[in-house]
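Going from the first sequence to this note's numbering is simple: count from 1 and add 1.
Hints are supplied without guarantee of correctness; some may be wrong.
[What the hints assert, rightly or not] The calculated BS3-like cross-link candidates involving lysine-lysine, where the alpha carbons are at most 30 angstroms apart (straight line), are: (1) K357 to K285; (2) K393 to K357; (3) K296 to K357; (4) K173 to K216; (5) K285 to K306; (6) K113 to K128; (7) K251 to K236; (8) K296 to K393; (9) K121 to K173; (10) K79 to K10; (11) K306 to K296; (12) K508 to K494; (13) K454 to K494; (14) K428 to K306; (15) K454 to K401; (16) K306 to K267; (17) K429 to K459; (18) K429 to K357; (19) K285 to K267.
[What the hints assert, rightly or not] Have a look at the derived ranges for each label pair, beta carbon to beta carbon: (20) S512 to A14: 27 to 37 angstroms; (21) R145 to K189: 19 to 29 angstroms; (22) F23 to A502: 32 to 42 angstroms; (23) T203 to A502: 38 to 48 angstroms; (24) D505 to D362: 46 to 56 angstroms; (25) M493 to K429: 17 to 27 angstroms; (26) F23 to D491: 23 to 33 angstroms; (27) V35 to E496: 36 to 46 angstroms; (28) K113 to E395: 55 to 65 angstroms; (29) Y29 to P280: 47 to 57 angstroms; (30) D193 to D491: 49 to 59 angstroms; (31) A14 to K121: 53 to 63 angstroms; (32) N501 to E395: 46 to 56 angstroms.
Quick caveat, the hints were computed from the structure, so don't treat them as lab data. Built from N, CA and C at the ideal position, the CB exists for glycine as well.
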Amino acid sequence: MSQTGDQFKKIIAHCKEYGYIFQSSEVYDGLAAVYDYGPYGAELKNNIKAYWWKAMVHANENIVGIDSAIFMHPKIWKASGHVDAFNDPLIDNKDSKKRYRADTLIEEYVEKKLTAKIEKEVAKAAKRFGDSFDREQFVSTNPRVVANVEKRKKVMDRFTAAMANNDMAELKQIIIDAEISDPISGTKNWTDVRQFNLMFSTQMSNIAGSEDDSKLYLRPETAQGIFVNFLNVQKTTRQKLPFGIAQIGKAFRNEIVARQFIFRMKEFEQMEMQFFVAPGTEMKWYEHWKAERLKWHHQVTPNEKLRYHDHDNLAHYANAAVDIEFEFPFGFKELEGIHSRTDFDLRSHQELSGRKLQYFDNEKNESYVPYVVETSIGVDRMFLSVISNAFKEEEVPDAKGGTSTRTVLNIHPALAPVKVAVLPLLKKDGLPEASRAIMDELKYDLNCFYEDKDTIGKRYRRQDAVGTPFCITIDHQTLEDDTVTLRDRDSMKQERINKNALLDKVKAATSMINLIKA
RNA sequence: GCGGAAGUAGCUCAGCUGGUAGAGCAUCAGCCUUCCAAGCUGAGGGUCGCGAGUUCGAAUCUCGUCUUCCGCUCCA
2 MSQTGDQFKK IIAHCKEYGY IFQSSEVYDG LAAVYDYGPY GAELKNNIKA YWWKAMVHAN
62 ENIVGIDSAI FMHPKIWKAS GHVDAFNDPL IDNKDSKKRY RADTLIEEYV EKKLTAKIEK
122 EVAKAAKRFG DSFDREQFVS TNPRVVANVE KRKKVMDRFT AAMANNDMAE LKQIIIDAEI
182 SDPISGTKNW TDVRQFNLMF STQMSNIAGS EDDSKLYLRP ETAQGIFVNF LNVQKTTRQK
242 LPFGIAQIGK AFRNEIVARQ FIFRMKEFEQ MEMQFFVAPG TEMKWYEHWK AERLKWHHQV
302 TPNEKLRYHD HDNLAHYANA AVDIEFEFPF GFKELEGIHS RTDFDLRSHQ ELSGRKLQYF
362 DNEKNESYVP YVVETSIGVD RMFLSVISNA FKEEEVPDAK GGTSTRTVLN IHPALAPVKV
422 AVLPLLKKDG LPEASRAIMD ELKYDLNCFY EDKDTIGKRY RRQDAVGTPF CITIDHQTLE
482 DDTVTLRDRD SMKQERINKN ALLDKVKAAT SMINLIKA
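The whole structure should be built from the sequences, with the hints applied where relevant.
And the structure:
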């Protein structure tokens, strides 16, 4: 761990040093699990988003993009299940330092203690009475069983009431009254029950049709903005099934433990595509997108750093789910999820809103709620995968015939923040002027960087460190025959070409269109 | 959220047992040279994370707080 931990620390330090990522609100000591993207970071992030958008929306005639609001009607989160499922009452045992969900603690107690006791008595009696055993009669008359059944009912009544009222104090009292102890430490030394709602909330007055007319959530996922716009989009774009809606946007989760740099943040950005299909065809499309998405990753990331990981237990909305995992410095972790979400979301919104969210299928001559296959990737995780895959420290020959270490970001040229650096060999003899002229030719098509400070070798290294794939060097010969040196970041090889050929050559080498067409 | 560790210049750190801050690299200006970093001269830059306490005096001791890292926990 220490070596990979060191590597990860180096990457984080590098991100800060070269203006990729800063801690949020650093002058005020920072804000936990929130980060800002600096100048190079913003460029890389934009490129990642563009790569996804082009591959999804522009390359597929049956996928369209939207940009829905972060604020949405509170009922949406009721329908999606987030209000219920994102609410965990948690309690800590002070001795074992373990954290439990208070509700499962109580449920387990009821299940394993009370119910088990009752069943034990019943089983014993059944053995004793043989065929003449009447379960109903026994349960309602045996004093020990009756007491336990009574007790169970009491606990369950209090429990359901407490859960319904979000009464955390009562939940703790139930645990105390039932004398539930920590399975590890065996003690009953509990903290208070605290509720961790993973959704951030804010205020808005007068929300139509809402019981609590002020509470509003910041969306914990972008997908719902797509679902509730399903019919708007389908009708206005006249799409036929199967078709998809794509969206890039911010989402917010109040993670209890948000760590590992930008891997898990409280504010993050998602790129989601919901693909609407006829019921029964979802598994075919699930397999299709599973393959398509891995291909998209393979274009910019080596195969051996990517893998599929099937979900062991499925979320409440899904009937199939797989992750595409990337080997981060801290191990293989989820980068993208592909889920077959069935008709759960649309059906749920249809029921709660009372509006039909169905598609009329001309071929089948019937209306139905489409099934959904979702691809969902975190922009920030993709960013982290690109950076951690790119970061390398290598030994290279130096001018004196020895070796030196260079730090290089081997970012795919199509994603690199700066495409080309324009460097006059000397800061005199008209070379800066000639360089500026070349820069002016390129900068409207390619993100360029000009520098004439320090030695040429030093400038090359600086460009390596920010991941610029090409350096153009202007020397005295340029003034005579219009040729320049084009230096490649990865091989460090140089070639002499005419300055008029620069634009086409660098554009071709840094284009993301080729990745998408391939 | 719990436990452990840490926080001194942009970065990496030194500053031992309390006496009002240093180095290297980086930055900026100038010189020299020039196709793969670390030549010469000079300059700028620090509320010692923040707040309180002890003390004549705190970067140094105590407490609180924030942030980061590690472990636990959680994870749609």
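Hints, one by one, checked against the model:
1. For the given pair, K357 sits about 26 angstroms from K285 by alpha-carbon distance, which is consistent with the 30 angstroms threshold.
2. At roughly 54 angstroms between alpha-carbon atoms, K393 and K357 are farther apart than 30 angstroms, so this suggested pair is violated.
3. This hinted pair does not check out: K296 and K357 have alpha carbons roughly 36 angstroms apart, beyond 30 angstroms.
4. With a C-alpha separation of about 26 angstroms, the suggested pair K173 and K216 falls inside the 30 angstroms cut-off, and the hint holds.
5. Pair hint K285 plus K306 holds up; C-alpha atoms about 26 angstroms apart against a cutoff of 30 angstroms.
6. Proposed proximity of K113 and K128 is supported: the alpha carbons are some 22 angstroms apart, at most 30 angstroms.
7. Proposed proximity of K251 and K236 is supported: the alpha carbons are some 26 angstroms apart, at most 30 angstroms.
8. For the proposed pair K296 and K393, the alpha carbon gap of about 24 angstroms is at most 30 angstroms, so the pair holds.
9. Restraint check for K121 and K173: the C-alpha separation of about 28 angstroms stays at or below 30 angstroms, so the hint holds.
10. Restraint check for K79 and K10: the C-alpha separation of about 40 angstroms exceeds 30 angstroms, so the hint is violated.
11. At roughly 13 angstroms between alpha-carbon atoms, K306 and K296 fall within 30 angstroms of each other, so this suggested pair holds.
12. A threshold of 30 angstroms between alpha carbons decides the hint, and for K508 with K494 the separation of about 18 angstroms falls inside it, so the pair holds.
13. Restraint check for K454 and K494: the C-alpha separation of about 22 angstroms stays at or below 30 angstroms, so the hint holds.
14. Distance check on the hinted pair: K428 and K306 sit about 43 angstroms apart at the alpha-carbon level, beyond 30 angstroms; violated.
15. For the proposed pair K454 and K401, the alpha carbon gap of about 21 angstroms is at most 30 angstroms, so the pair holds.
16. Restraint check for K306 and K267: satisfied, since their Cα atoms lie roughly 26 angstroms apart, inside the 30 angstroms limit.
17. A distance of roughly 18 angstroms separates the Cα atoms of K429 and K459; the hinted pair therefore holds under the 30 angstroms criterion.
18. Using a Cα cut-off of 30 angstroms, the hinted pair K429 and K357 is violated, with the two alpha carbons roughly 72 angstroms apart.
19. Using a Cα cut-off of 30 angstroms, the hinted pair K285 and K267 is violated, with the two alpha carbons roughly 34 angstroms apart.
20. Our hint of 27 to 37 angstroms for S512 and A14 holds, since their Cβ atoms are close to 31 angstroms apart.
21. The supplied range of 19 to 29 angstroms is met by R145 and K189, whose beta-carbon atoms lie about 24 angstroms from each other.
22. Between F23 and A502 the CB atoms are about 38 angstroms apart, so this pair conforms to the stated range of 32 to 42 angstroms.
23. As the Cβ distance of T203 to A502 is approximately 55 angstroms, the hint placing it in 38 to 48 angstroms is violated.
24. Between D505 and D362, the C-beta spacing of about 48 angstroms keeps the proposed range 46 to 56 angstroms intact.
25. Taken as a hint, the range 17 to 27 angstroms holds for the pair M493 and K429, whose Cβ atoms sit roughly 26 angstroms apart.
26. The supplied range of 23 to 33 angstroms is met by F23 and D491, whose beta-carbon atoms lie about 27 angstroms from each other.
27. In this structure the supplied range 36 to 46 angstroms holds for V35 paired with E496, their Cβ-Cβ distance being about 44 angstroms.
28. Take K113 and E395: their Cβ atoms lie about 57 angstroms apart, and the range 55 to 65 angstroms holds.
29. Taking the beta carbon of each, Y29 and P280 are about 52 angstroms apart, inside 47 to 57 angstroms as hinted.
30. Here the CB-CB span from D193 to D491 is close to 56 angstroms, well matched to the stated 49 to 59 angstroms.
31. A C-beta distance of roughly 60 angstroms is found between A14 and K121, which places it inside the suggested range of 53 to 63 angstroms.
32. The hinted window of 46 to 56 angstroms between N501 and E395 is violated, with their beta carbons roughly 33 angstroms apart.
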